[in-house]
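My numbering numbers the first residue of the sequence shown as 1397 and each following residue consecutively.
Hints listed in this document are in silico derivations from the structure and should not be mistaken for laboratory results.
A few of these clues could be false.
Unchecked claim - As a list, the in silico EDC-like pairs of lysine to aspartate or glutamate whose alpha-carbon atoms are at most 20 angstroms apart:
(1) LYS1560 <-> ASP1550
(2) LYS1433 <-> GLU1556
(3) LYS1547 <-> ASP1557
(4) LYS1560 <-> GLU1404
(5) LYS1548 <-> GLU1404
(6) LYS1547 <-> GLU1404
(7) LYS1548 <-> GLU1405
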Amino acid sequence: MFPPNIMEEVVQLSPAALWIAVGISLVLLILGYQLYKFWIVFVATVAAGLVGLYQGPVWGVHPALGAGLAALAGGILSLSLFRLFAFLSGGIALAVATGLVVPGPGEMLILFVVGGLIALLLERFWMALASSFLGSWLLAFALLGLLDRGKKLDAVTWVEDNTKLLPILVGAGTLLGAGIQYWVYRWLHSRRVEYNDLGQQNPQQQQVPQPGGFFRSNPLGRRGRH
1397 MFPPNIMEEV VQLSPAALWI AVGISLVLLI LGYQLYKFWI VFVATVAAGL
1447 VGLYQGPVWG VHPALGAGLA ALAGGILSLS LFRLFAFLSG GIALAVATGL
1497 VVPGPGEMLI LFVVGGLIAL LLERFWMALA SSFLGSWLLA FALLGLLDRG
1547 KKLDAVTWVE DNTKLLPILV GAGTLLGAGI QYWVYRWLHS RRVEYNDLGQ
1597 QNPQQQQVPQ PGGFFRSNPL GRRGRH
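Based on the sequences and whatever the hints tell you, model everything.
Spelled out as structure tokens, the structure:
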């Protein structure tokens, strides 16, 4: 989970880049589920833009034009691929997590499909958990890099000496982040006000408490009607 060779690259980053990584990790921990669609579009757009930038001359177009067109196409296509992303991430996560125990390719394929289906059925919970894990993982790298740059410890050596402690810390951070996202989701939806066609507040909203939390809500994201 924390290969020392990756840590060697992290400690070469500037303090500004490490602080930016800390900020991004905190956003993932606190608002990962609320903003996961934004992150998917952002990553797809940037990745497609980089491909277009490097492949532009091969395609016979200017690199800047190739990057712009590829980024536009990647961003638009990603708008309809949210559930596919959930399926792929869930399948890969389960396959990787059990890869050391069940190394056979046939079993890995079954685990990939099962993990993807579970992620689709529990899409909101899964995206909160996955974003929280990424935030915890990134935060650990960034903080270790900052401590190394501040001469507080040798991050590479510390990672090598604490191979069992780090997964526990990241796991605890993942659960804590998922819990924070759950309460943020409930708080935001409890303050949402609905209006009718005349622009007036819906009186039923004051009488009937709205269901909160992505753990108990409809997987399709639709609110029930009374």
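Here's how the hints hold up against the structure:
1. LYS1560 <-> ASP1550: OK: LYS1560 and ASP1550 at ~17 angstroms, within 20 angstroms.
2. LYS1433 <-> GLU1556: 35 angstroms, violated
3. LYS1547 <-> ASP1557: Cα-Cα ~17 angstroms, so holds.
4. LYS1560 <-> GLU1404: 19 angstroms, holds
5. LYS1548 <-> GLU1404: 16 angstroms, holds
6. LYS1547 <-> GLU1404: 15 angstroms, holds
7. LYS1548 <-> GLU1405: Answer holds: LYS1548 to GLU1405 is near 18 angstroms, not above 20 angstroms.
Of the numbered hints stated above, the single one contradicted by the structure is hint 2.
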